[in-house]
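So you can see what is in the structure, the chains are spelled out below.
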Amino acid sequence: MMAPPAAQCAWGLLLTFTFYMGSSCTDGASVLKHHNYCIIGAGPSGLQMAYFLQRAGRDYLVFERSHAPGSFFALYPRHRKLISINKRHTGKSNSEFNLRHDWNSLLSHDSRLLFRHYSHDFFPEADTMVHYLEDFASMLELRVQYNTAIIHVRLERDSQAWNGHYFILTDHNSQNYRCSLLLVATGTWVPNVVNFPGSEYVEGYESVSINPEDFAGQSVLILGRGNSAFETAENILGVTNFIHMVSRSRVRLSWATHYVGDLRAINNGLLDTYQLKSLDGLLEGDLEDLAIVKDKKGKLHITLKFYLENSNSSAGAESITLPQDELDNFATRAPYDRVIRCLGWKFDFSIYNRSLRLMPGKGNKKKYPLIKPSYESRGTRGLFVLGTASHSIDFRKSAGGFIHGFRYTTRAVHHLLEHRHHGVPWPSSVYPITQLTNSIIKRVNEASGLYQMFSVLGDIILLRENAMAFEYLEEYPVGILAELELHTGRKAHNGLFVVIMEYGKNFSGADKDVFYYNRAVGEAQHAWQSNFLHPVIYYYKRLPTVREMRLRPPDWPLPRPDAVHHIVEDFLTDWTAPNAHILPLRRFLENCLDTDLRSFFAESCFLFALTHQKLPPFCQQGYMRMQGLVGNERLRHHAVEAGLLEDHTVMHFTDELLGGQRGSRDQLLKDHVIPGSPLHYLVTTKDEL
Amino acid sequence: MLPQMNGWVSCFSFLLLCTYYMAAARNANTLLELSPQEYFSSLQPGRASLVYFSRDVSPGVRLFLEQLENSVGALQDYGISVVKVNCLKEDVSRYCGKENALMKAYLFRGNVLLREFPTDALFDVNAIVANTLFALLFNEVKYITTLVELQNLENSLKGRSNVVFAYVPAIGTPEHRAVMEAAFVYGTAHQFVLTTEAALAKDIGHEDSDALSARLFFCHCQRVPDLTQPCRRTPMVQSLATLNIHTYLKLMAAPIVTEVAEDPEKVSTVHLQLGLPLVFILSQKETYEVDKRTAEFVAWQLLGKAGVALLSRDSVHLNVLLQSNIALKTAEEGAPIKYLVLEDTDEIIALVEGEIKGEQIQEDEDESDNNDQDIQDDQVMEAVYRDRKRELPLELIRTLTEETFNAALMETAHMVVLFYASWEAVSLAMLQSYVEVAIALKGTQGISLAKVNCWDWPDVCMKQNVTQFPITKMYEKGARSLTYTGMLGTAELLRFLRLSSISCPVKLTTIEEVDEYLSGEVHADSSSYHSTSVLGIFHPRMKAAREAFVEAGNMLRGYVTTGLYAEDDALVLARKYAVPLPALLLARRDDHRIDSVPLSKQSALDIVRTIRSQLLETFPEITVENLPDYLSLEKPLLILFNDGGLNRRVRLEMLSLANGKGHEAFLTCWMNLKNTPVGRGVLKAYFSTPPPLPLLAWVNLHSGGQVFAFPSDQSVTETNVLAWLEKLKAGLEIPSTTLSDEAWKPPLPAYNFLRMMEATLPEFTVHTVYSRGGTDDLQQAEEVSEEKSTVREEQVEEPGLEAEKGQSPGRDLRGTVPRLVGREKPPKRHTEL
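Protein sequences appear in the order of chains A and B.
Reading the first sequence from the start, the letters are residues 274 to 962 in our numbering.
Reading the second sequence from the start, the letters are residues 13 to 845 in our numbering.
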């Protein structure tokens with residue numbers, strides 16, 4: 274599917290060559306290596322993008338500071354167990370569907386590169402991921418330059434460049450590289466550190482011992498409440514005196530928030546012991562107000578910065594006021610042997626020159642660079658952020674920060690770039706309108722990108738004139754729906770559908786009870802109240818404008834449509850039930866398009882063809898092209914029994930002449946024909962009255 | 013935070029509005045409290061006032077005073093003031109002094125005491141209003157107790173005035189109030205008569221069981237010219253509520269038939285204003301008097317349900333069919349007027365009642381979810397669904413997977429593969445036919461059947477370029493695959509598979525082979541599947557044409573058997589069949605005839621087209637299978653329906669029509685209802701009462717859709733038919749029907765989730781009202797806070813309220829009906845504004 278014609282490859286290479294020649298002439302002595310696409314980081318997202326560029330025959334190079342891909346996974350998670358599931362059996366053979374439950378594989382055409390061939394564990398080892406990434410890079414022969422740390426990125430204005438400037442990358446050997454487009458796939462790897470009095474006593478997650486024996490008989494305080502904090506606690510739970518955990522806000526359980534980045538059940542052993550009063554505990558407090566004091570015995574005491582400021586700093590630790598001096602049941606009054614910081618990571622902003630204006634996001638997204646919904650930096654055209662670092666788009670919502678999410682957003686970015694710089698429109702297929710219901714049903718049942726990147730990526734259905742055909746675009750970032758024509762090269766003049774997946778609006782949340790009675794909706798007519806992930810189809814008569822996108826209600830992926838349809842949530846996520854799923858969807862589509870999308874046997878089409886001047890699309894596009902559905906006797910008999918088909922073989926005219934009333938059951942075939950006669954009929958009947 | 017804020021702001025504004033209204037209303041609705049002196053000095057002549065003299069307030073009295081206070085507004089509408097007079101302790105005057113006077117309220121006109129009411133008769137607002145008006149309208153509303161009284165009254169009013177007769181079970185009920193309020197307005201126009209006698213109500217003749225409920229009749233006495241004739245009485249169907257009575261009386265008072273002489277589009281009557289349909293009887297000068305009588309007859313039938321207008325066609329130029337005799341205009345704005353051809357008055361009544369019922373159904377649908385939506389109306393899906401429990405005998409069909417697919421193609425000479433989706437109904441229907449094909453082909457060498465479920469193996473399907481379902485392909489070992497494009501049925505697929513195993517075209521090398529081929533001896537085993545063989549004859553030098561023919565033969569593979577002769581002696585054949593080269597020979601086995609066609613255009617597609625058109629017959633029997641082929645000619649059909657085969661005479665007549673003068677302009681064909689039973693359905697649609705068979709019809713499918721029946725009293729001969737066709741052309745015949753050219757609309761509405769969501773998720777509405785607010789908004793500031801958008805929405809709502817507020821509570825109810833009607837409608841949703 275991805276393979277471009279060979280000629281295009283050659284053309285791309287030729288272009289590269291001329292670019293290269295041109296630049297070496299102007300730059301004179303200093304040899305500047307040029308690439309159209311530079312990717313920083315050979316982690317999952319960097320390799321994923323490299324794969325797409327390679328398949329498209331583009332000139333690209335990946336820079337990796339380590340000697341092998343996936344260096345983050347070589348160290349993290351410290352306890353070596355990934356929390357991304359590796360579901361090897363789903364009972365289905367559909368490879369696309371199976372990716373819904375494979376959170377580790379990258380996308381490729383090579384089925385050997387499926388993670389299930391690498392690990393049998395449901396939660397695989399981190400080393401396996403490193404191994405997998407090595408294979409991915411080598412088997413696909415991706416161009417990665419290892420041992421090259423990019424330490425500085427700046428812009429060089431040039432009106433000839435794709436975006437009006439080149440990116441000049443400098444590596445640790447002061448070697449410069451010139452790039453037309455920069456793809457930042459560095460992830461977030463700089464540990465978050467909090468500074469408070471006594472923070473020098475705190476050990477970091479990145480270097481703390483992972484041997485439980487080292488914690489035997491100790492009292493431990495852990496700062497943070499994410500997966501790394503709980504993973505650390507889980508590891509030493511059995512040997513410590515007790516573990517306390519402090520964080521600013523309450524714990525967010527991923528099964529309540531439906532966000533995979535929140536605390537996963539596999540790590541939450543401490544919650545269990547806390548709630549069962551087995552000495553471990555969970556506290557909320559602002560780390561900024563904290564202070565740690567070490568006493569003579571080497572024990573660490575928790576106090577508040579406030580007390581510290583009020584006391585004489587020269588005096589010994591014993592003279593500092595502790596909270597329990599005033600409040601003798603203060604929760605963390607027991608001294609600790611160790612304090613461990615597990616506060617997560619942030620993006621490394623340091624290598625980008627100010628002129629790139631790569632800014633951090635706001636609030637809880639400040640660990641990520643600020644980007645547009647097209648994954649392009651807000652400050653610099655031509656700089657795209659991929660992978661975990663691009664998570665500001667859907668932080669705490671969808672899966673864009675994780676392999677099983679960003680493998681799709683990376684593909685979307687690739688499609689955007691193909692159109693922008695190579696004139697290749699977004700891939701699409703055109704179908705006759707009779708296939709509309711089927712196309713949607715097929716996608717919502719198997720598509721993995723829609724499923725993983727729910728509410729972020731959506732399928733777009735562009736209607737052709739007269740709504741007799743439609744064009745199907747897969748997995749487009751709905752955040753840039755308004756600029757669809759610009760980004761895809763496809764036209765949306767005749768209305769469009771957007772197919773996305775959503776959780777119920779008020780279902781997910783850290784404080785929500787997601788197990789309440791009657792939490793699932795069963796009836797199609799209440800589908801809009803569905804809580805679990807389910808397909809939603811938006812219909813717009815015209816593309817929403819940028820302004821409408823901006824003013825959409827908070828937490829709504831899209832602005833108000835002209836009509837909307839929810840396919841009722843399904844316990845098995847199998848949306849193929851004829852009456853509960855397909856029928857209401859068909860009615861929705863029919864009413865949006867103002868047509869009749871039912872299927873008919875050839876016999877019905879025959880009747881319509883001779884008794885109507887117009888035909889329903891199914892007959893028009895099937896029967897009239899000599900591709901009618903004949904069916905067999907049994908099926909026709911069922912249809913007759915259902916009152917949806919008239920059986921003409923048993924009907925005789927004599928019955929009719931004798932006044933045999935035609936059953937009203939054939940509502941389907943009711944004729945729009947009004948038998949006519951001139952006025953004198955009316956007059957004569959009147960006279961009889 | 014923001015949405016809450018938002019909600020809070022709008023809630024607050026709403027409160028503000030409410031408070032404002034309450035304040036405004038209080039003024040009008042407070043009970044005036046005066047001293048006896050003040051009261052008596054304020055009395056104006058002719059002005060009515062209801063007064064209660066109060067001394068000390070006991071609990072019973074307090075209840076009464078509450079009701080009295082509540083009725084202040086209602087009575088004020090009729091110009092009646094309501095006063096509470098506070099008696100001084102020492103006052104011993106007529107009204108204040110008497111102990112039992114305190115159990116009474118008094119109605120004065122000016123300073124004349126009209127009536128005193130015991131306070132317990134005035135138990136609520138309805139009772140207060142009803143009793144007060146009843147007393148004031150003593151002259152306008154006659155109270156009677158017997159049928160004779162009513163008849164006398166009617167007799168006395170014949171030719172002069174109409175009578176409104178109401179029965180209410182008791183005085184002071186809401187129905188009584190409604191009647192009195194109507195009497196207040198219409199009392200001068202009609203004579204109002206009231207009774208509380210159930211027996212009288214029964215005599216008047218509504219024998220339904222709930223005879224005790226209030227009823228109202230309109231007695232049409234004004235139009236009775238002859239005193240011996242009784243007044244017609246029209247019962248009111250709706251319940252006795254103020255609005256209903258007003259509507260009803262307006263309808264009764266309207267002229268029974270409106271005579272109009274202008275474009276129906278412009279006509280508006282009280283019926284349309286009240287939301288009822290208007291029926292036009294289209295008349296001509298010659299029949300005007302008769303039509304007028306018809307119109308009146310219909311009008312009486314439809315009284316209260318629809319209006320009837322008589323339109324003279326001579327005075328207006330109507331751009332509709334001459335034979336249309338009825339037009340129906342509905343109150344729905346923008347709805348087109350329907351012009352119809354109806355046969356008798358019952359049809360008109362049925363039409364109007366259907367219309368009303370239809371509307372009601374529509375309303376029901378809007379209000380509660382229509383359950384029909386849940387019922388499958390797709391015949392294919394339903395049939396497949398009903399058959400879901402039956403297990404198909406699939407053992408003759410291999411199920412291929414991603415792993416086995418490629419290997420399987422190598423195993424047999426011909427591998428047929430059905431690509432389908434296991435959840436898709438059309439696929440599953442096709443699968444059933446496929447199974448039948450497999451059974452028919454069982455044991456056939458060199459061909460095997462397989463299937464791939466694309467729901468399980470999307471990659472296989474994608475690689476085979478299968479993007480929709482179902483698709484059947486035939487893979488030939490070492491050759492390109494062939495995609496089946498014919499009808500999805502057992503017989504059709506089977507024929508395709510049989511024929512496509514014959515290589516196409518067959519290369520013939522001797523004249524003997526050619527003769528054999530043309531006589532059908534070459535593929536005798538499959539000859540039952542093809543009635544016509546095609547042979548291309550080329551001179552060896554005609555390389556291009558020959559190659560094009562080979563390609564065409566490939567394209568037609570599975571549908572037509574083709575042969576190729578390109579030897580040196582091709583000219584011999586050409587001479588034999590008297591045709592220049594290159595040429596086609598068509599051996600029509602059924603007719604024992606060999607036709608020759610010179611090949612003028614020589615691209616493969618042209619050759620395919622030529623062959624296809626040559627395969628069409630001149631006088632075909634139309635079947636379900638071949639109709640699309642013939643319809644693609646886009647000609648009118650001259651079609652003979654028969655129950656069984658045609659007799660020789662008719663066949664010959666028809667054949668000569670098919671080959672005769674002007675035959676190119678239409679397609680002569682016939683239909684055997686024994687072979688094609690669905691043809692009966694066609695006849696049923698063409699003729700309300702099917703004429704006897706055989707029946708010849710002219711169907712103008714592609715231009716206008718008129719259907720004409722050949723007169724059954726004439727015999728089907730070429731001359732008769734041609735003469736008839738001339739008459740048709742001249743427009744002298746009346747079509748028995750006109751086929752609908754309506755587009756196929758959604759059979760039923762969808763769930764309106766958007767509306768359901770709006771009801772519970774206010775933020776959805778608020779944002780959109782603003783963001784969809786129009787283009788001028790775009791020039792406004794870029795970022796707009798949510799609060800602002802809420803404010804806007806309030807503004808949107810306000811004009812409606814203000815307009816209503818602007819109308820002061822009128823003294824008279826005239827003109828209130830539209831207002832009430834307007835209010836009765838649910839408030840428009842934000843989206844619609």
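Misleading hints may appear alongside valid ones.
[Claimed, not checked] Here are a few chain A residues that sit away from chain B, every Cβ distance over 12 angstroms (derived from the structure):
(1) K306
(2) D431
(3) E473
(4) G558
(5) P705
(6) A797
(7) V837
(8) I855
(9) D869
(10) F873
(11) A875
(12) H885
(13) M899
(14) R909
[Stated by the list, open to error] Simulated crosslink set (BS3-like; lysine-lysine; CA at most 25 angstroms straight-line):
(15) B:K555 with B:K519
(16) B:K555 with B:K613
(17) A:K569 with A:K550
(18) A:K785 with A:K645
(19) B:K214 with B:K278
(20) B:K304 with A:K365
(21) B:K317 with B:K262
(22) B:K519 with B:K475
(23) B:K262 with B:K297
(24) B:K350 with B:K304
(25) A:K887 with B:K350
(26) A:K814 with B:K304
(27) B:K304 with B:K317
(28) B:K475 with B:K485
(29) A:K887 with B:K757
(30) B:K475 with A:K887
(31) A:K638 with A:K550
(32) A:K785 with A:K638
(33) A:K778 with A:K764
(34) B:K401 with A:K365
(35) A:K887 with B:K741
FYI, nobody ran anything at the bench for these hints, they're computed from the structure.
Cβ atoms here follow ideal geometry from the backbone N, Cα and C, with glycine treated the same way.
*Quick check: which numbered hints come out false for this structure?*
Failing hints, ascending: 5, 6, 7, 8, 9, 10, 11, 12, 13, 14, 17, 18, 19, 20, 22, 23, 26, 30, 31 and 33.
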